[in-house]
Amino acid sequence: MLILECPYCGVKAEETELSPGYEAHLKRFGPGSSPEEFEAYMFARKNPKGVHFERWRHAYGCGKWFLAARCTATLEVFGTYPAQSGEPPADLQAKIKAKRPNWEGYK
Amino acid sequence: MKRYSVFAIAKQAMNYHLGWEKAWASPAPKKEYDVVIVGAGGHGLATAYYLGKNHGIKNVAIIEKGWLGGGNTGRNTTIIRSNYLQDPSAAIYDKALQLYEGLSQDLNYNVMFSPRGLLMLAQTHHEVRGYLRTVHANMLQGVTTEYISPARVKELVPIINIDGPRYPVLGALYQPRGGTGRHDAVAWGYARACSAMGMDIIQQTEVTAVRQEGGVVKGVETTKGFIGCKKLGVVVAGHSGQLAEMAGFRLPIEAVALQALVSEPIKPCMDVVVMANTVHGYMSQSDKGEMVIGGGTDGFNNFTQRGSFHHVEETLRALIETFPMISRLKMLRQWGGIVDMTGDRSPILSKTPLGNCFFNCGWGTGGFKAIPGSGWAMAELMAKGEPGPLTEEFSMWRFKEGKFIDESVAAGVAH
Amino acid sequence: MSTRLQKGGRLIDRTRSASFTFNGKRLSGFAGDTLASSLLANDQMLVGRSFKYHRPRGIVASGAEEPNALVNMGEGGRFEPNQRVTTTELFDGLTATSQNHWPSLEFDVGVVNNYAARFLPAGFYYKTFMFPRFAWKHVFEPIVRQSAGLGKVPQGPEVDRYEYAYAFCDLFIVGGGIAGLQAALVAGQAGSRVILVEQTAHWGGRAPVDGDVIDGKPADQWVKDTVQALEKLPNVTLRLRTMASGVYDHGYVLADEKVADHTPGDGRPRHRLWRIRAGKIISAQGAIERPLSFAGNDIPGVMLASAVRDYVVNFAVSPGDRTVVVTNNDDAYRTAIALKEAGLEVPAIIDARTSLTGDLPAKAKAMGIRVEAGRAVVKVKGGKRVTGVSIGLQAGEGAVLEDIACDAVAMSGGWSPVVHLWSHCAGKLVWDEAQAHFRPDPKRPPTNQDGAAMVAIVGAANGNLSAAAALADVAAQLGGSAVTAVEVPEAAMLAVWIMPQGAGPALKMKMWLDYQNDVKVSDVQLAAREGYTSVEHTKRYTTLGMATDQGKLSNINGLAVLAGALNDQIPNVGTTTFRPPYTPVPFGALAGESRGEIFQPLRKSPMHGWHEAHNAYLEPVGLWRRAYCYPRAGENHEQAVNREILNARANVGMLDASTLGKIIVKGPDAGRFLDMLYTNVMSNLGIGKCRYGLMCNEQGFLSDDGVVIRLSEDSWLCHTTTGGADRIHGWMEDWLQCEWWDWKVYTANVTEEYAQIAVAGPNARKVLEKLGGMDVSKETLPFMTFADGTLGGLPVRVHRISFSGELSYEIATPASHGLALWEALIEAGQEFGVMPYGTEAMHIMRAEKGFIMIGDETDGTVIPQDLNLGWAISKKKADYLGKRGQERTHLASPDRWKLAGFETLTGGVIPDGSYIIADGHNANGQRNTQGRVTSTYYSPTLKKGIAMGLIKGGMDRLGDVVEFNTVAGSTVKAKVVDPVFYDKDGEKGNA
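Residue numbers (this note's numbering), protein chains in the order written: chain G, 529 to 635; chain B, 254 to 668; chain U, 2 to 992.
Pulled out of the complex, with its shape left as it was, chain G reads as follows (with noise of 0.2 Å):
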């Protein structure tokens, strides 16, 4: 039972108030793709046991998409961040790298 705070809304959201929507970061390949590019943009998902990078929807509540940072394998969550970003923050990146040494980074 998750805990996701809105970057939007400021609130604590519990996981019932939000929609799932996996990995954040995907970059769209559409026509005039490779086969290659399209198939790593619809389905090689990064599936890591540890740091992850996805898409949330506070849709029973402001309706904003965000991004969150999250353990999978102890779900701890280290930050969530506005959807439109291109890249996790700089210092979300650092927060997690002090966390997680072992960390490989983000990419």
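Read the hints as simulated data drawn from the structure, not as lab findings. If you're wondering where the values come from, they're calculated on a predicted model, not measured in any experiment. Worth double-checking, as some hints may not be accurate.
Examples of chain U residues toward chain B, derived with CB under 7 Å [what the hints assert, rightly or not]:
{"id": "1", "residue": "M131"}
{"id": "2", "residue": "E142"}
{"id": "3", "residue": "L527"}
{"id": "4", "residue": "R530"}
{"id": "5", "residue": "R580"}
{"id": "6", "residue": "P581"}
{"id": "7", "residue": "A592"}
{"id": "8", "residue": "L892"}
{"id": "9", "residue": "Q927"}
Distance condition first, Cα-Cα at most 16 Å in a straight line; then the derived EDC-like pairs of lysine to aspartate or glutamate [stated by the list, open to error]:
{"id": "10", "chain 1": "B", "residue 1": "K318", "chain 2": "U", "residue 2": "E537"}
{"id": "11", "chain 1": "U", "residue 1": "K745", "chain 2": "U", "residue 2": "D735"}
{"id": "12", "chain 1": "U", "residue 1": "K128", "chain 2": "B", "residue 2": "D359"}
{"id": "13", "chain 1": "G", "residue 1": "K540", "chain 2": "U", "residue 2": "D451"}
{"id": "14", "chain 1": "G", "residue 1": "K577", "chain 2": "B", "residue 2": "E498"}
{"id": "15", "chain 1": "G", "residue 1": "K592", "chain 2": "U", "residue 2": "E740"}
{"id": "16", "chain 1": "B", "residue 1": "K407", "chain 2": "B", "residue 2": "D524"}
{"id": "17", "chain 1": "U", "residue 1": "K667", "chain 2": "U", "residue 2": "E734"}
{"id": "18", "chain 1": "G", "residue 1": "K592", "chain 2": "U", "residue 2": "D743"}
{"id": "19", "chain 1": "G", "residue 1": "K627", "chain 2": "U", "residue 2": "D451"}
{"id": "20", "chain 1": "U", "residue 1": "K128", "chain 2": "B", "residue 2": "E274"}
{"id": "21", "chain 1": "G", "residue 1": "K574", "chain 2": "G", "residue 2": "E551"}
{"id": "22", "chain 1": "U", "residue 1": "K884", "chain 2": "B", "residue 2": "E654"}
{"id": "23", "chain 1": "U", "residue 1": "K690", "chain 2": "U", "residue 2": "D715"}
{"id": "24", "chain 1": "G", "residue 1": "K592", "chain 2": "U", "residue 2": "D735"}
{"id": "25", "chain 1": "B", "residue 1": "K656", "chain 2": "U", "residue 2": "E699"}
{"id": "26", "chain 1": "G", "residue 1": "K623", "chain 2": "U", "residue 2": "D451"}
{"id": "27", "chain 1": "G", "residue 1": "K555", "chain 2": "U", "residue 2": "E699"}
{"id": "28", "chain 1": "U", "residue 1": "K138", "chain 2": "B", "residue 2": "E354"}
{"id": "29", "chain 1": "U", "residue 1": "K385", "chain 2": "U", "residue 2": "D44"}
{"id": "30", "chain 1": "G", "residue 1": "K592", "chain 2": "U", "residue 2": "D727"}
{"id": "31", "chain 1": "G", "residue 1": "K540", "chain 2": "U", "residue 2": "D171"}
{"id": "32", "chain 1": "U", "residue 1": "K341", "chain 2": "U", "residue 2": "D322"}
{"id": "33", "chain 1": "G", "residue 1": "K635", "chain 2": "B", "residue 2": "E498"}
{"id": "34", "chain 1": "B", "residue 1": "K656", "chain 2": "U", "residue 2": "D860"}
{"id": "35", "chain 1": "U", "residue 1": "K884", "chain 2": "G", "residue 2": "E565"}
{"id": "36", "chain 1": "U", "residue 1": "K690", "chain 2": "U", "residue 2": "E780"}
{"id": "37", "chain 1": "G", "residue 1": "K555", "chain 2": "U", "residue 2": "D735"}
{"id": "38", "chain 1": "B", "residue 1": "K656", "chain 2": "U", "residue 2": "E888"}
{"id": "39", "chain 1": "B", "residue 1": "K520", "chain 2": "U", "residue 2": "E142"}
{"id": "40", "chain 1": "B", "residue 1": "K604", "chain 2": "B", "residue 2": "E639"}
Beta carbons are placed, not taken as given, at the ideal position from N, Cα and C, and that holds for glycine.
Use these hints to put chains B and U onto chain G, whose structure you have.
Frame of chain G; chains B and U shown alone:
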């Protein structure tokens, strides 16, 4: 291997059962094997068993991180059925069902396969049409199913309420050959048979790297050292992504938690497996008398073997609507398993970009029922090096082509 | 015999008696009794039969750990199997019956299993019952099933109700013993929001029973004072009869409050399920005493020493007249002393330790009790009740030195902390060698969302077994003013896992570990011998710890025996996983209020009541219920549907279309956005115009369809399917927020803001004109346009769109006017023959017209091109969602099955779900197919069967005759035809 029988038990009873031999050996790993299977769950053990039995390949090691059968094989709701919609699924699941029907005798280990029949309730008109489609498809696939009336449902399952205020039962898809088995026994029976063929089951040993040369697998690094092999089969369900990464590629797999629970035991009251997909719940009664109940999956990647509780509440609400008499039964134990979900919710049994390395994964919520068929098909794939009829549609490259085997069109939820 | 003592009993009220029945026998007890204490007071030690061997079972414990004493309780809609008598409060009128026997508790035929026990060791069923093949299901399994199971099957539905409660707190403290009370007081006084729960009906736990002295006061007084102090704190919530069942991730806790179990039928909810988010959870659940493994330790009358003490002190019940105490520690001497003080006989204390140095043994000896050091119970004598014990050397092999007559045995093998809540979210344990138990490892706690410790554990649950140590632990972890208890020095206990230690196989076959599931020392050793050496294997092979107590009594003893068999250390063997709930919770409590009509939320259109009042047959569509048809007297559904269709085709019909999704898309980039969302172009749609559009997912598969209208320069309204409204709105937001976040677009799901009514049929225009208020003529409002205005004085937007193929108006009005508009239209339509029609008539009419239906023609694997909808796919656009997916080889293949119409050669109806067979079989022996039916109906309009389906070759196959399979095994021949069966030129819709 000494055979099990009622006579063997009687003989042992005279000596306080002190004379039973080990069901399987626990040897130290050899330097090299013809085949190494990673993962001693049901699928991995069955793969090894049929490699030996069908293809004469017995120089095999099965490496297990924890204890054999300790993953999803030992934490599912034991449902066995083959009433799938799509041809490739029906083929492999029905192969599994056929093997289950004779598995106790084949393994000389009672896996308690109980063909008590399985019902999938139709509770919307849309679902009625979906199951009618499945019945027609199954007929052509050689899978015997029938669509039955609410009255017949009530006859088969007296404790059901077919006149619920929200989702009255409109009919059901019935597979009389479906049923349940004893999950642990399936793993133990295969393990015993593999060990008897001289295969090495190596527990408490974790694979840490995959060694390759010139694009061909050479063996695996483990916590007990390097183990060489000519062919590698990876059958590790939720951890397939990690192993694929070691082998140098990525798989379309995500690991999520699936939950289940049992009630306290009561006297027999339900001799059929019932699945209610509209309201999301399924239930059967074990031989011990517990009501065995399956819940939903979480929508996020998770390796904890714990799920979120609201799924359990939703499942129980649905089942109390379907079986009002269970309201005063009590939840005895709940647990979660980590299931490996692919892009189309169907498994992958496939060659990989790495030579002589094969993966069997992605069974999602439906793995237990497939174990014998999966092992049979995987053994054939590994022995021949090329897919056979049972596996050719389950390649890991189908996603690129868009050639899905999409079962969700027939049944919204799990297995 | 067991009986009620003349005086004493700190929890009972002798002035209030309660009568109850057990197996039909009328018995009585007192208010404050548990069912267990009142049964014992009536000399009812035998209360059930075990699971496997049907051996006689008596009460062994006094709390939640009780494995034996489970009964059927109540009647009718309040019947409940497997009620634990030790945690059931007695009330007047209680009825209980014993379980798992036939024909009676005293004489159970199933006990033949006991005589055959030698042939039924752990896992025997894996080794036999295999021949002949069918025999398992048809012969052996039914016998096993009938013999297994415990309680009877509840009949009728539930009569009580349940409710949820929600709470938030800083500290959620579990356990109302002295450690929990003190922790709550310290935290409460410091200002924390505290919830303290206790599973029984009483505060104080074991300390008052043990006669502890705290802060210079008797424990009872200290507990009373502390509870009073807590009650004064507004930030502290106290709850009795509330069992914390599980700790879940991120500080989520479930607790089951038994509100009215002891007052059934008083109108209150039976249970209240607390769903709590806690900053931190403090477990102060105490410890559970372990049995000792000696032969015959399962015979009724053998009880935990602490339980014997509880019955004497709390309930003034003596389990036996002559009680032998057998122990490996000092604490059990308290039981001997309590028995003696109550005037009962204690023939001997059998202590496995050779040297006894503690104060308690000294006190017992001083009271004249015979104490035997270095001794063991070799075996217990008796059948349905203890008659005596044989004693010998603990260090020996079982040679009997002496027989002692007794009618009860109080045993203590030491104490195990209750670590369940600590362990539910993966808190780890350490082995405490001195006290021979697992306790929480403070270095490896379960962690919360911040990675911080989520559970703390204090008192006996943390291995601090004495009152003094428990309170010191609270002070160390939570601070607060020092509260001290008088320390009674205890000598070290001795780990004893088998008694006597050299017992041979014959004795080990009689040493029970799991009383309910009949798992003995010999079974665990057998599992080890056969290689089931992982603790999980042993558990599953023997069923150790899988009974309704989930191993509360048996687990530690079992894994110690396993470690012994493996010549390994106990901590290396480890424990099985602790899973919620701590004690079983009724399904009803977990489901809460959601039952019957409201088991899921119910969505209603503004006209829902009208449909119900007009005998509509409602079908569930998502959370909505829609009218399927409106049967008249004497009509079945099929007849009603046909009538509705014919009437709409001949006169005029009305459909409640309010459930269709309505999403406003607005902003400078709205047109650009819709061009990405739909396969066709929406940006060039004229204001006031309507256009049918298709949406695909990124895979390219068709996901929804509907009519889009352009409201103004920068705003559109998109109609979706009923099921698609929320999904499509979420989909739009996903792309706008996560991919094209710089596009200036707003969306609003206004589905429930508007009622929508389709008026369809040749007379449709006349009905609207009769209501009046706006021009709905063909010239002013041609097909595929809309206009805002009023009808009959109500504000409306009228769309000229048609899903039926008839002249049709879809009229939207604010939801609050929906019913008024519907009724006005019905009334105005009377003279034109108006009738409402339902969803099935809608389905058939659209099929007659050859319109596809999402969910019928599509199933998540179908692309628009398959449905001959290429005209709705823009060739000009560089991109739209799904375009790249549709370019993949399998989706672009010419071999795909495509849409066509079908007519049987006889005029009959093709069966729903049927496949079109092809020649031959595939490599797996499955019959080849070349297509399937997607919509198939009897058309009342055309008076014959019509169908749509997908077939390899699609419309190129026109005129071919193909065969559909049937469940009877025959086939139905049908001709491939144009899927538009009705009004091919569209004259009616355009009229």
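Unsatisfied constraints (hint numbers, rising) | When the structure is compared with the hints, none of them turns out to be violated.
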